[in-house]
Amino acid sequence: MKYFLRLTLTLQLFIIVKWLKNLKIPFPPNYKRTTSLPLSYFEDKDLPQFLSKLEALGGLAGAVKFAVDFGANDGLGPSQALFQQQNYAGLLVEGNPDYMPSLQAMYPEDRVQKVSAYITPFTAMDLLHNSPMNPFFFKIDIDADDCATIAVMLQSGFQPRVIQMEFNYDIPWPWAFSVYPLSHYAYTVHYGFQSCSLAFAWALMKTYQYCLVSVGGTKDLIFVHESSMQGLVELDPEGTSQQFGSYLVSQRHNVDTQTVFLYFIYFLPPITDA
Amino acid sequence: MHKYNPNPSNSRMFEVENKIPHPLPPSRWYLIPDKSSLQESIEKTMNAACINRARINQMDSSNCPFPYLLSSNPESSVDVFLKAIATMDKVEIKTLNVFSPDGLQGKEGNG
Numbered sequence: 031m032k033y034f035l036r037l038t039l040t041l042q043l044f045i046i047v048k049w050l051k052n053l054k055i056p057f058p059p060n061y062k063r064t065t066s067l068p069l070s071y072f073e074d075k076d077l078p079q080f081l082s083k084l085e086a087l088g089g090l091a092g093a094v095k096f097a098v099d100f101g102a103n104d105g106l107g108p109s110q111a112l113f114q115q116q117n118y119a120g121l122l123v124e125g126n127p128d129y130m131p132s133l134q135a136m137y138p139e140d141r142v143q144k145v146s147a148y149i150t151p152f153t154a155m156d157l158l159h160n161s162p163m164n165p166f167f168f169k170i171d172i173d174a175d176d177c178a179t180i181a182v183m184l185q186s187g188f189q190p191r192v193i194q195m196e197f198n199y200d201i202p203w204p205w206a207f208s209v210y211p212l213s214h215y216a217y218t219v220h221y222g223f224q225s226c227s228l229a230f231a232w233a234l235m236k237t238y239q240y241c242l243v244s245v246g247g248t249k250d251l252i253f254v255h256e257s258s259m260q261g262l263v264e265l266d267p268e269g270t271s272q273q274f275g276s277y278l279v280s281q282r283h284n285v286d287t288q289t290v291f292l293y294f295i296y297f298l299p300p301i302t303d304a
Numbered sequence: 081m082h083k084y085n086p087n088p089s090n091s092r093m094f095e096v097e098n099k100i101p102h103p104l105p106p107s108r109w110y111l112i113p114d115k116s117s118l119q120e121s122i123e124k125t126m127n128a129a130c131i132n133r134a135r136i137n138q139m140d141s142s143n144c145p146f147p148y149l150l151s152s153n154p155e156s157s158v159d160v161f162l163k164a165i166a167t168m169d170k171v172e173i174k175t176l177n178v179f180s181p182d183g184l185q186g187k188e189g190n191g
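Residue numbers (the numbering used here), protein chains in the order written: chain A, 31 to 304; chain B, 81 to 191.
Worth flagging that the hints you see were computed from the coordinates, not collected in a lab.
All the given hints hold, so there is nothing to weed out.
Straight line, CA to CA, 16 Å or less: simulated EDC-like cross-link-like pairs of lysine to aspartate or glutamate:
| id | chain 1 | residue 1 | chain 2 | residue 2 |
| --- | --- | --- | --- | --- |
| 1 | A | K236 | B | E155 |
| 2 | A | K249 | A | D74 |
| 3 | A | K236 | A | D266 |
| 4 | A | K144 | A | D128 |
| 5 | A | K236 | B | D159 |
Isolated chain B, as found in the complex (with noise of 0.2 Å):
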């Protein structure tokens, strides 16, 4: 499960992750029978989460919302998803370096 374990040195950007208002409690979201407002809440919700990543990540939360899926329809999202990934190359992995060998992410569990 989730086991995040904020470096205990910086404070702050625990703060910053813990001010970072939630439009809605994901655990309501099943009570909702309008499909199109759950959307707009889940939406609201994915871009609050990326802001909040990017500041716990150092990053520039300008990039929000980092690129993701959402769709009612789950076998046409994966089809999108799989020729995604049939195009990721070499120059991601060079792209992925930068954040992966001593960045904050290798000193966060992995797991």
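Isolated chain A (complex conformation) (with noise of 0.2 Å):
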């Protein structure tokens, strides 16, 4: 009896402890999710809203309802919304030709410039040839030399009033890390060296007069120009990057937690009758 009272008790305990492995934060503590004003904390699919209360408190007045995604991928990003239900004109990118099959079937429309090429600092304003230099959104994920780009872009006057961009997360506050704008080399695939640290793309894109106002659950950064901060709150970088470390550690953490917790359970002393 004792022997399957201690089975049961495994088994359940086992169960628990598969739910709780499967189970996912679905955002930081501390952090507000929401698609009013002002944003700490966004998903892609907030995109959207959040643009167009931005543009109901005049905050895009003068830009263009455009869209420029430079590391478009699949087209299953944060623009996706933006062209397919709100109807954006815009410009998609990817380096990958293979993804051009996908990106033509997603976004038929003319309105929606395809393009497949390698994007750097030195490819970038070329690509803008038919955009306009100040769109409602821009967005860039190229695990490459994502900063490099973007300052260049910003330098040549291109001014977009909400910019996404996806940072290297692995980098703590307060250390500013950035691959060096020397293109000799493949600053591909991601395991930490790519892109630029939050302390860094915070720095940088403040002295382009943009104020960090969101982090994302897709390790994105989320910067409106100051223009257009009515009804905004700029986040502190600092705070946002310890609690933004917090819900990185305590995502991976649990698992190992729950590991321990197995062992526990497996290596508990025999049970002897008494």
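Two chains, two frames, a set of hints: combine them into the complex.
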């Protein structure tokens, strides 16, 4: 009987642990995920509503309802809803030509340009030759020299109102990391050596009058030009980095804790009859 | 997010990637209070990542570490960065094109 109870208990605990392992933390503690302004934590699906509200507040006045997506991949990115639900015109650029059929199928309309080209600081402005210089939205996620590319674009007069950029979340505050802007090397593939850290991105964007307003579960940052900050609150980058770091730690440590817990169950001392 | 799709016909390269030791899991950097040991850990990790990346791209890993900026002062590192950008010229473009049109870069996801 004791053995049966022990086995049952172990099985129950095993099921609970398995469930806990699959339990995903939806967003960091202390972050407000909301589609009403201000926005401190976002997911891709929040973007259309966020832009709509910003437009209603007058934050997008003078800009063009156009979205530029550098590193469009298979097209299932944040700009998808803008093109498909809100009739944005736009430009999608993807370096891997294998994704072009998918992009063409998802966005058959002529108002959405699809370009297969490798994005670098040297090609970026050429790629924009049919695009307005003041679009509502720009997203960059090229897992390479992202910060050099964006710096060259902003330096050249490109001024989107809202910028979503992926950052290297492996580097904590206050360390400013970036790949050096000398493109002799193939800065592709992840594993910590690409793009730039939150501290670096924040300082770089500050020089171009962009304010950090949000961080997302897709490891992206949202910057808004200071001329469009009506109704928005600028995030403290240090606090943001610490909270986001705690979020990453909590996600990854859960698995460790549960593994230890499992070991604990399996290595309990044997039951002996008194 | 990161969507690295290794060429399925070349699994050897992916094995190499997984064999590169990671000095310290990045998620735990947030738990280290000592800045100097944190910097050392980040530098070791970046060097390992550089070797990893060079092998994946079939480049000479003796070039590692690839140039990167790491500083605890974001503003000053941005100044260095912007000066470097200002000095980039057409020669760099030619160098870059050696890799970009048909090289491994173009075969991987650019997003």
